[in-house]
Every structure is written in C-alpha cells, then in structure tokens.
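There are 2 protein chains.
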Amino acid sequence: MDHIKEAVTVEEQAIAAKAAAKKLALLTTADKNEALLAVAKQLEQEYEAILTANDMDMKAGEEKGYDAAFLDRLQLTRERINDFANGLKEVIELEDPTDQVVSEWTLDNGLHVSRITVPLGVIGMIYEARPNVTADATGLALKSGNAIVLKGGSSAIHTNTAIVNVIQEALQQTKVPADAVQLIQSTDRKETAKLFTMKEHIDVLIPRGGASLIQAVVDSATVPVLETGVGNCHMYVDESADADMAIRTFLNAKTDRPAVCNALETLIVHQAWLERNKDALVKALQENGIQAHGDETAVQVLPGCTPAAEADWANEYLGLDVAVRVVDSVEEAIDHIDRYGTKHSEAIISEDEDNVSKFMKAVDAAALYHNASTRFTDGHALGFGAEIGISTQKLHARGPMGLPALTTYKYVMKGNGQTR
Amino acid sequence: MDHIKEAVTVEEQAIAAKAAAKKLALLTTADKNEALLAVAKQLEQEYEAILTANDMDMKAGEEKGYDAAFLDRLQLTRERINDFANGLKEVIELEDPTDQVVSEWTLDNGLHVSRITVPLGVIGMIYEARPNVTADATGLALKSGNAIVLKGGSSAIHTNTAIVNVIQEALQQTKVPADAVQLIQSTDRKETAKLFTMKEHIDVLIPRGGASLIQAVVDSATVPVLETGVGNCHMYVDESADADMAIRTFLNAKTDRPAVCNALETLIVHQAWLERNKDALVKALQENGIQAHGDETAVQVLPGCTPAAEADWANEYLGLDVAVRVVDSVEEAIDHIDRYGTKHSEAIISEDEDNVSKFMKAVDAAALYHNASTRFTDGHALGFGAEIGISTQKLHARGPMGLPALTTYKYVMKGNGQTR
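Chains as they are written, first to last, in the numbering used here: chain A, 133 to 552; chain B, 133 to 552.
Hints are computed from structural coordinates only; laboratory data are not their basis.
One thing to keep in mind: the hints can contain errors.
Identical chains share a label here; the pair holds if one copy fits it or two copies do between them.
[To be verified] Keeping only pairs whose Cα atoms sit at most 16 Å apart, straight-line, the calculated EDC-like set for lysine to aspartate or glutamate is:
(1) Lys326 to Asp351
(2) Lys331 to Glu371
(3) Lys173 to Glu260
(4) Lys154 to Glu332
(5) Lys150 to Asp467
(6) Lys326 to Glu144
(7) Lys221 to Glu176
(8) Lys154 to Glu463
(9) Lys490 to Asp231
(10) Lys155 to Glu463
(11) Lys307 to Glu166
(12) Lys546 to Asp486
(13) Lys221 to Glu166
(14) Lys155 to Glu485
(15) Lys322 to Glu143
(16) Lys154 to Asp376
(17) Lys493 to Asp470
(18) Lys307 to Asp510
(19) Lys196 to Asp453
(20) Lys155 to Asp470
(21) Lys191 to Glu371
(22) Lys307 to Glu483
(23) Lys322 to Asp484
(24) Lys331 to Glu144
Required output: the full structure, derived from the provided sequences and hints.
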C-alpha cells in the first residue's frame with residue numbers, strides 16, 4: 133500500500149499542497165466535515181494496514197535500542213487508531229473558524245469595511261515519532277480550511293505513510309483534494325529543511341516536540357514559525373500560602389503527568405513558609421518518589437536534596453525530579469522565573485493579594501495561575517476543544533492553540549466608487 | 133547635544149530596552165500619556181537642535197548625490213517637527229490597547245480563566261531615512277507599553293540622534309524609563325544585524341521601507357518579523373464594470389499618491405470592457421501622463437503602450453507607470469494576482485455579484501475592494517488611528533496595524549486549589 137510516489141521532491145509536495153489549499157478555502161463547513169468523517173471511517177476500517185506498517189517501525193526501533201517511553205509513543209493498537217478517528221469526530225463538532233465576520237463598520241464616505249476570518253493556507257508540521265500527531269494535525273488543518281505538509285520523525289515513517297495513504301484514499305471520495313495532506317517521505321535533512329524557507333508555498337511552520345527540534349526549526353526558518361511546547365514551569369509558594377493547598381497543587385503539577393510540557397519543573401518557596409511547613413513538604417516528596425535538587429538553603433533543609441547545577445534551573449526534567457529554590461520575597465521569585473522560564477505556565481500559591489497582583493503583572497508567560505496547578509494549560513482543559521500545540525511565543529497565538537490559531541483574516545471593502 | 137554614548141553595543145542597548153520594558157509594562161495609561169505629552173512638548177521646544185542635526189544629514193546627502201525625492205523625505209522643517217508632536221498628541225487620544233480583558237469564563241471546577249492583553253515587550257524597528265518614523269514609532273510603542281530599539285537609515289543618523297536625545301530628555305521627567313527608547317548608533321552591518329537574532333531581548337522586528345530592506349530582515353531574522361509594506365496592487369475591471377466608476381477609481385488608485393504602497397501598479401481589464409471603453413481609457417491615461425506597459429492585446433489597443441516585461445508585472449513602479457493585462461474572465465484575473473500580487477490591496481470593479489464573490493473568496497490579500505480605490509488601506513483611512521505599518525503577512529496582524537498589533541495576551545487563571 134506504499135503508493136505515495138517516492139520520487140517527489142519537497143518542493144513539488146509544497147506546490148501541490150498550495151494548489152489544494154486554494155480549492156479547500158472555497159469549500160463549505162459541510163464539505164469539510166464530510167471529508168473528516170470519511171477519513172475517520174477509513175481509519176477505523178483500514179487499521180490493519182496501519183498496524184502492519186507500525187510493526188515495521190516498532191521492530192526497527194527495537195533494533196536501534198530506543199527506550200521504552202519512545203517505543204510506547206510509537207506503538208499503535210486498534211484502540212489507538214480508533215482514538216484518532218474519535219478525535220476527528222470531535223473536530224467535526226467544533227465551530228468552523230473561517231468565514232466569520234470579526235467586526236464590520238461603515239466609513240463616513242459609505243465604504244463598508246468587514247474583517248473576515250480565512251484559512252492561513254498551507255501549514256508545515258514538523259514533529260517526532262508520535263503518529264497521533266499525523267491524524268490530529270490533519271483534522272485541525274482541514275477543518276480550518278488549510279492544507280498540511282507533514283514531516284514526522286523518521287522512526288515512524290512506515291506508520292505515517294500508512295496513515296496518510298488511508299487519509300488520501302478517504303479524501304478521494306470527498307470534495308477536499310487528496311493533495312491537501314502531504315507527508316514528506318525524504319529523510320535527507322538538506323531536502324526536508326527546504327520546507328523551512330519555502331515562503332511562497334508554506335504559510336506557517338509548527339514544530340512540535342523537544343527543545344532541540346523546535347530550536348532547529350526556529351534557527352533555520354524564514355517561513356513564520358509558531359513555536360510550541362517547551363515548558364520549564366515554576367510554582368512559587370508564597371509566605372502566605374495555605375499549606376495544604378500548596379502541597380496538593382504542587383504534587384498535582386509535578387506528578388500527574390511529569391513528561392508533559394505543563395508539568396512543574398521548579399518549586400520556588402518562601403523561606404518563612406518552608407520553615408513552617410518543612411515536614412509536610414519532606415513527607416510529600418518522599419511519599420511520591422520526587423528527587424529534589426536545590427539551592428544551598430534547600431539542601432540544608434530537605435533531607436536527600438542534592439545541590440542544583442545551572443542545568444537544573446534551566447531545563448525540563450520531564451520526570452519525578454524537581455528543582456527547589458528558596459527565596460525571601462515574591463520579587464525574588466519573579467526574577468528567577470524571568471531568568472529561567474520559557475513563557476509557558478507559571479503559578480503562585482498565596483493568600484496575599486498584593487503579591488498575587490505583582491506576580492500576575494510582572495511574569496511574562498502564556499498562562500499564569502493563582503492557587504491552582506499548572507496542568508490546566510491545555511486546549512481540552514480550558515474548553516477550546518482539540519489543540520494544535522501550546523504556543524510559547526507572543527505573536528499571533530499564545531498558550532493553547534485551537535482552530536482559530538490556524539486562521540488569519542481579510543479586510544473586505546464594499547463601495548460604490550469611493551476614491552480618496 | 134550628542135550625549136548618546138557611542139561605545140555602547142547593540143546587545144547592551146537591547147538589554148537596557150528589555151529592562152525598561154519590564155518597568156513600562158507596569159505603568160498606568162495616565163503615566164504613559166503624560167510621558168507622550170512631555171515628549172511632544174520637548175520636540176516642539178527643541179526644534180532648533182533637531183534642525184541643526186538635520187542640516188548635517190542634508191548636506192551629506194546632497195554631497196552623496198541622493199535624488200530629490202530622497203532628500204525631501206529626509207528634510208525637516210519646524211512645521212514637520214510640529215507634525216511629530218501632533219502625531220504624539222493623537223496617540224494620547226487613542227485607547228490603551230493593554231490590560232483589556234478580551235474574554236473570560238469559568239470552568240466547571242470553578243477555575244476562572246481570563247485572557248488579558250499585554251505589551252509585546254521590545255520592538256525592533258528597522259527603517260530608511262524617514263525621520264518621522266523615529267517619532268511616530270516611538271509614540272505607538274510607548275502607548276502600547278513597549279520599549280523600542282530604533283535602527284534608522286544611516287543617512288539620517290544625525291537627525292535621528294537629535295530626535296532620540298530630545299525624547300530621552302523628556303522621558304527623564306516622567307515615569308517612563310528613558311532607556312525604553314534606544315537608537316542604534318553603529319553603522320557596522322554585522323553589529324546592527326545582531327538585532328535580528330537577539331530573541332532573548334527583542335520580541336518582534338518591524339522592517340519599514342523598500343522591498344530590499346524588508347527582504348534583508350526577513351532572510352536573516354530569527355526574531356519574529358512583522359513584514360510590512362510592499363504593495364504590488366491590482367485593479368480588475370470586469371466585463372460588467374461601470375465605465376465612469378472604473379476610470380475614476382483607477383485614476384485615484386494610480387495617481388493620488390503613486391509612491392505609496394496602496395497605490396495601483398497593474399490594471400487588469402476584461403477584453404470586452406476594453407473594446408467598449410477604449411477611448412475613455414486612452415484619454416484618462418493621456419490626460420494624467422500615465423505610461424502603460426502591456427501584454428500583446430494592450431499594446432495593440434492602447435496607443436503608446438510599450439510591451440511589458442516580467443519586471444513590469446512583478447515590481448512596484450511607485451510612479452506614473454502602469455502595467456496593463458487584458459483577460460477574458462475573472463478567473464484569469466485572479467490567477468494573475470495570485471502569481472504577482474504581494475497580498476496587500478486588490479480591487480475589482482464589477483456589477484456582477486458572482487464575479488465579485490469569486491474575487492473576494494479566491495484572492496489572498498490583506499485588503500480587498502469592490503467598486504472602490506485601493507487607497508483606503510491605511511490606518512487613518514480605515515479609522516484605526518495611527519498605524520505602525522501595513523502588514524503583508526498573515527500571522528499576528530494583517531493589513532494596517534494600529535496599537536492592538538503591538539500587544540499579545542496572557543491567560544490568567546484564578547483558583548482555590550484546583551488540580552487536574
């Protein structure tokens with residue numbers, strides 16, 4: 133079933149996607165929803181072909197000695213493939229973000245101005261060996277009227293090829309052109325990097341994955357990038373913080389899903405609070421198997437806490453480790469976050485409204501929390517529906533990006549001969 | 133009055149701007165307006181110092197043999213300096229785009245979510261020898277709570293230094309830190325290009341000027357760029373177009389201010405309309421001194437029309453020349469615009485609603501006009517107040533960019549111990 137042409141170049145694929153995007157932009161919501169439903173059904177039906185391809189990737193991955201977490205993300209089951217289909221069905225239920233009149237007004241000369249949402253055009257999606265992104269991103273792209281060029285991790289190439297073949301087969305029965313979904317087959321880095329500079333054909337790049345993947349895209353891209361994902365998230369426990377609430381929200385943010393980007397990486401704690409609540413914190417760390425790496429004070433106060441190096445403050449652990457910094461004021465906490473934060477999610481636990489207000493004003497991040505876990509920075513959790521990623525940049529879209537992040541707008545002016 | 137330190141590096145200036153931006157973001161609207169008023173008054177008072185500096189640039193420019201249009205843009209008068217001050221006073225009257233609650237809602241678990249506008253941080257402004265940008269961009273940046281690093285054309289260096297000195301002097305009497313406005317003094321290209329990659333300190337780059345300046349920034353920037361300005365604008369005169377309206381709007385778009393980006397560059401005309409209205413069009417071209425460069429049909433039909441080369445279709449004339457393409461359908465017109473347009477402003481003159489609808493749906497540009505001149509793509513004309521530029525890109529902001537384009541947002545979550 134490997135009927136995707138191998139000889140096609142990245143540029144040819146991008147040009148085909150652009151041509152498809154022009155047709156796609158003219159379709160109705162019903163046309164797009166019918167196509168999504170067709171894709172969902174085809175995925176449910178053709179799961180065997182996808183599982184066969186996935187087996188090849190899994191065997192290659194095992195031979196290469198990839199770790200268990202990597203292989204778990206790569207591995208598909210019939211149930212996981214059904215989840216892809218269900219995800220597409222959820223996207224069908226979401227409001228079409230295009231062709232909406234954002235605002236309109238009439239100038240004194242009678243010229244009527246309206247601002248109308250339209251698709252971006254062609255999205256370039258660069259990601260690692262998570263085949264679910266192939267289906268999820270396709271669904272969000274098509275619903276918002278965009279074509280998509282997918283470049284997944286090479287360890288998932290057979291799986292992704294099989295998924296995209298199924299998608300394209302399904303689209304052939306619908307009004308959405310099959311060319312609207314392109315998977316880059318080339319594994320040559322020079323060839324695939326061309327995607328990053330094809331401003332004529334690609335409207336936006338969305339890298340999803342670890343810090344090094346995102347950095348590689350940002351460093352070489354001239355196509356606009358929506359940066360996603362790296363979350364070096366902090367929680368500041370203020371002098372005034374309620375002890376139970378602080379420990380409960382800390383444990384949730386740290387342990388609920390340590391490998392995700394909205395998980396907590398550094399606990400910043402006020403010295404006075406720590407003195408009062410040392411025993412409760414130590415117990416929480418020990419009972420949950422959390423290894424602390426701290427500054428001098430933390431090492432003295434917390435048994436088993438090892439000294440933190442620069443990397444402890446700067447990097448995500450994505451596991452059951454936590455950096456612990458002891459401070460004397462909210463200002464010191466803000467300075468620490470300012471230095472090491474990645475503008476993702478930052479929390480303050482406090483009963484002091486002045487300190488909360490300072491924190492909310494001064495900390496520069498997509499999502500700020502008062503008395504809550506950082507784990508809510510997520511499209512589903514915040515009520516946006518599915519998300520294409522979590523933006524850690526400031527332009528265009530910040531925080532969880534739902535369908536509206538995949539649109540832009542036009543000003544449409546209607547006149548009867550107006551001149552200036 | 134050259135008291136800006138010459139030895140300072142671009143990086144030091146960017147760091148100082150970032151530190152100032154943090155203070156600026158905490159100020160009230162009244163604080164910012166007071167600062168803008170102080171700057172306006174100081175500019176009105178210290179016009180002599182600015183004129184003296186401008187004389188130096190003018191003499192150097194004359195010696196270098198710059199053309200009259202260039203020197204006219206560079207030259208200041210007391211009246212022009214008063215215009216800078218009046219521009220700042222207009223910005224004072226505009227609504228503060230920050231600290232606005234865009235939307236808010238409460239999740240089922242009681243977590244309250246609000247989306248609040250905040251400044252971008254530090255804006256890097258790269259422009260040519262137009263000293264008015266120095267004052268205008270500073271006003272818009274400060275009003276929206278942003279620091280600004282200015283890199284103007286080196287032929288205006290004395291003028292810009294004098295203007296920024298006056299601005300900084302004025303700011304010293306206000307709550308806005310003087311460091312919030314930085315002028316890059318270095319003329320070393322390698323040194324100034326550092327601005328384009330300082331992602332830690334610069335939040336967005338806005339290049340304003342000709343195609344080559346914008347391209348140079350886009351090609352080497354890793355800091356997000358808001359592309360502005362190049363407008364290869366088209367007007368399509370449909371078979372059904374009213375002849376008087378077509379000629380009136382064409383003449384306005386072409387001749388009102390040919391050197392600006394929303395001026396018309398290419399007239400696409402339906403063959404049948406041209407046959408009917410040939411004489412009126414020829415008269416309009418001749419009476420207004422417009423030189424046509426056309427395709428084969430245009431050359432045959434229009435006396436004095438020279439054959440168009442690829443560059444005629446692709447580039448802005450910015451003068452009283454026009455490219456003329458004759459087509460047989462709205463689809464052909466759309467294809468031409470798709471190939472040569474710069475996504476700025478495109479117009480259709482037509483009485484056929486189907487063709488209008490096709491044009492509005494299919495043409496990908498910031499501003500689309502039905503039966504009106506393209507000259508309205510402008511912040512003032514559309515009622516936005518002052519503009520920082522006209523975006524021809526799709527992300528973040530499209531078309532004329534007023535104060536809201538200089539903001540981003542934060543999600544602020546307020547809870548009472550919510551965990552996931």
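Going through the hints against the structure:
Taking the closest pair of Cα atoms, Lys326 and Asp351 come within 16 Å of each other both inside a single copy (13 Å) and across two copies (14 Å). In this homomeric assembly, Lys331 and Glu371 never come within 16 Å of each other (Cα to Cα): the closest approach is 51 Å inside a single copy and 34 Å across copies. In this assembly of identical chains, the alpha carbons of Lys173 and Glu260 never lie at most 16 Å apart, being 25 Å within a copy and 56 Å across copies at closest. Proximity of Lys154 to Glu332 under the C-alpha cut-off of 16 Å is restricted to the intra-copy arrangement: shortest distance 13 Å within a copy versus 37 Å between copies.
For a Cα distance limit of 16 Å, the shortest separation of Lys150 from Asp467 across copies, 13 Å, qualifies, whereas the shortest one inside one copy, 45 Å, does not. Only within a single protomer do Lys326 and Glu144 lie at most 16 Å apart by alpha-carbon distance; the minimum there is 11 Å, versus 34 Å between protomers. In the homo-oligomer, the alpha carbons of Lys221 and Glu176 lie at most 16 Å apart inside one protomer (12 Å), although the nearest pairing across protomers, at 63 Å, exceeds that limit. Taking CA atoms no more than 16 Å apart as the test, Lys154 paired with Glu463 passes between copies only; the shortest distance there is 13 Å, against 51 Å inside one copy.
For a Cα distance limit of 16 Å, the shortest separation of Lys490 from Asp231 across copies, 14 Å, qualifies, whereas the shortest one inside one copy, 40 Å, does not. Taking identical chains as interchangeable, the C-alpha atoms of Lys155 and Glu463 lie at most 16 Å apart only when they sit on different chains, with a minimum of 13 Å there against 53 Å within one chain. When the C-alpha separation of Lys307 and Glu166 is checked against a cutoff of 16 Å, the pair qualifies only within one copy, where the shortest distance is 8 Å, while the shortest distance between copies is 58 Å. Proximity of Lys546 to Asp486 under the C-alpha cut-off of 16 Å is restricted to the inter-copy arrangement: shortest distance 14 Å between copies versus 50 Å within a copy.
Taking the closest pair of Cα atoms, Lys221 and Glu166 come within 16 Å of each other only inside a single copy of the chain (10 Å); across copies the shortest separation is 54 Å, beyond that limit. Taking the shortest alpha-carbon separations for Lys155 and Glu485, neither the intra-copy value of 53 Å nor the inter-copy value of 20 Å comes in at or below 16 Å. Within a single copy, Lys322 and Glu143 get their C-alpha atoms as close as 12 Å, which meets the 16 Å cut-off; across copies the closest is 32 Å, which misses it. In this homomeric assembly, Lys154 and Asp376 never come within 16 Å of each other (Cα to Cα): the closest approach is 55 Å inside a single copy and 33 Å across copies.
In this assembly of identical chains, Lys493 and Asp470 lie within 16 Å of each other by CA distance solely inside one copy; the values are 12 Å within and 44 Å between copies. With identical chains, the CA atoms of Lys307 and Asp510 are never at most 16 Å apart, being 32 Å at best within one copy and 38 Å at best between copies. Taking the shortest alpha-carbon separations for Lys196 and Asp453, neither the intra-copy value of 27 Å nor the inter-copy value of 64 Å comes in at or below 16 Å. Taking the shortest Cα distances, Lys155 and Asp470 sit within 16 Å of each other only across copies (13 Å), while inside one copy they are farther apart (45 Å).
With identical chains, the CA atoms of Lys191 and Glu371 are never at most 16 Å apart, being 53 Å at best within one copy and 64 Å at best between copies. Proximity of Lys307 and Glu483 under a CA criterion of 16 Å is satisfied in neither setting, with 56 Å inside one chain copy and 30 Å between copies. When the C-alpha separation of Lys322 and Asp484 is checked against a cutoff of 16 Å, the pair qualifies neither within a copy, at 54 Å, nor between copies, at 49 Å. Taking identical chains as interchangeable, the C-alpha atoms of Lys331 and Glu144 lie at most 16 Å apart only when both belong to the same chain, with a minimum of 14 Å there against 32 Å between chains.
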